Amino acid sequence: MSITSKPITNLAPVSVFREGILQILDTDIFKLGFIHLDSGVYQEQISSKSFKTNKTQITGYTEWLSTMTPTITLSWDWMLCPYSRPQLQKTGAFYSNLRLLEKNGKPLSEKHTERTLDELINRIEWSQKVDQFITQKYG
Amino acid sequence: MEFYSGTTATLAQQSQQALFSYRFKVFVEHLGWQLDTETGVEKDQFDHDDTLYVIAKNEAEDVVGCARLLPTTLPYLLEEVFPELLNGQAPPKSDDIWELSRFTSLDLNDCDVMARKQFSAESSVALLKASIEVAKQHGAKKMISVSPIGVERLLRRAGFQCHRAGPPVILDGYPLVAVWIEL
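So the sequence lines, in the order shown, correspond to chains E and Y. Start counting the first sequence at 1; every next residue gets the next number (this note's numbering). Start counting the second sequence at 1001; every next residue gets the next number (this note's numbering).
Just so you know, these hints were derived from the structure itself, not from any lab. Treat the hints with care, as some may be off.
Claimed, not checked - With a Cα cut of at most 27 Å, we get these calculated DSS-like pairs of lysine-lysine:
#, chain 1, residue 1, chain 2, residue 2
1, E, 106, Y, 1057
2, E, 106, Y, 1043
3, Y, 1142, E, 111
4, E, 129, E, 90
5, Y, 1129, Y, 1141
6, E, 90, E, 111
7, Y, 1043, Y, 1136
8, Y, 1141, Y, 1025
9, Y, 1093, Y, 1025
Since the model is a prediction, treat every value here as computed from it, not as a measurement.
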C-alpha cells in the first residue's frame, strides 16, 4: 500500500535523537511511503440521559509504518461518524517515535507537527483504507 | 481503592497468591494471552525476589489492579522477550530506568467493565500514577513499558509525556508496543 512511486531524492537522512526517537525534516516526511499495518475497533457504551437510550459509539485505532528504515511508526485513534464523509474521523493526537524538524534543525512545535501529520495521513487516504480493512476484519 | 507495593519478601503471602491468581484470571482467562504458566497462577521468569509489585484492592480486599516493576539493570521483559520493539536500539540498562509490565485495572467483579477488556479509565489512571510513584521512590527517572496500545493511550490521558521506542508487533491479534515514559 506504499504511496511512493517516484525515487526519493534530496532526502535528508533519518537520524536517531534519543530513546528511539527518529528525526526528519518536516518537508521530507511527505517523500516517505507509509503502509498500513493494522486497525481495530474499541467499543464504548455512552448513555444519553435525555433520550433514555444507550448508544454505542464505534471508535478504534490504526497503525501505519514507514517503508524506509529505520521504521517510523504512526498511530492514531478514530471515530465512526456515519453521517460524515469520510466516515472515519481522526480523534486525538498521534502516537509515534517521530520528531519533525524545521530546516534550521529546531524541532517543530506540537501544533505544527500535528498539522503536518494530519496533512500526511489525509494524502495517503487513510480513512477509506482503514474503513475497508475494518469492514473485512469484522465482517 | 487502596494500593500496596512490595516484593515477594515484603508482601503478605495471601496478597501474593491473590495477585498471581488475579493475573491468571485477567491475562490468561479474560484476555486470552498465550502464556506458559500453570493453571490458576500467572508467573514468568521476571517474577522473582527482586521484582516490585503494585497491587490495587477494593474495600472487600479483592485485587482489582496490578503492575509489575523491574529495574532495567536486571533481566526484563522488553530486553529478553521483545527486543524487536526497540527498532534496532540497544535495550536500556540503567539504575534509573525501570520497566512497567503486567499492568491492568480490570475489576473482575464489575460486569460492565468486563466488556472493556483490560482497563477501566479512572482506576487505571490512579493505578498508573501509584505505580509510577513507587518506581520513582526506588530511583526511577524514566520508565519503559511493553504494553498493548491501550496503556499508551492511558498514559497520554493521564498527562504523562511518552513516546514509542519503535513500531508495534501484532501479538494474538493486538498491537504490542514499547513506550518510553517521562517522569
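Hints and how they fare:
| no. | hint | verdict |
| --- | --- | --- |
| 1 | 106(E) / 1057(Y) | violated, 46 Å |
| 2 | 106(E) / 1043(Y) | violated, 46 Å |
| 3 | 1142(Y) / 111(E) | holds, 25 Å |
| 4 | 129(E) / 90(E) | holds, 13 Å |
| 5 | 1129(Y) / 1141(Y) | holds, 14 Å |
| 6 | 90(E) / 111(E) | holds, 15 Å |
| 7 | 1043(Y) / 1136(Y) | holds, 24 Å |
| 8 | 1141(Y) / 1025(Y) | violated, 32 Å |
| 9 | 1093(Y) / 1025(Y) | violated, 32 Å |
Violation of the numbered hints given earlier is confined to hints 1, 2, 8, 9; the remaining hints are satisfied by the structure.
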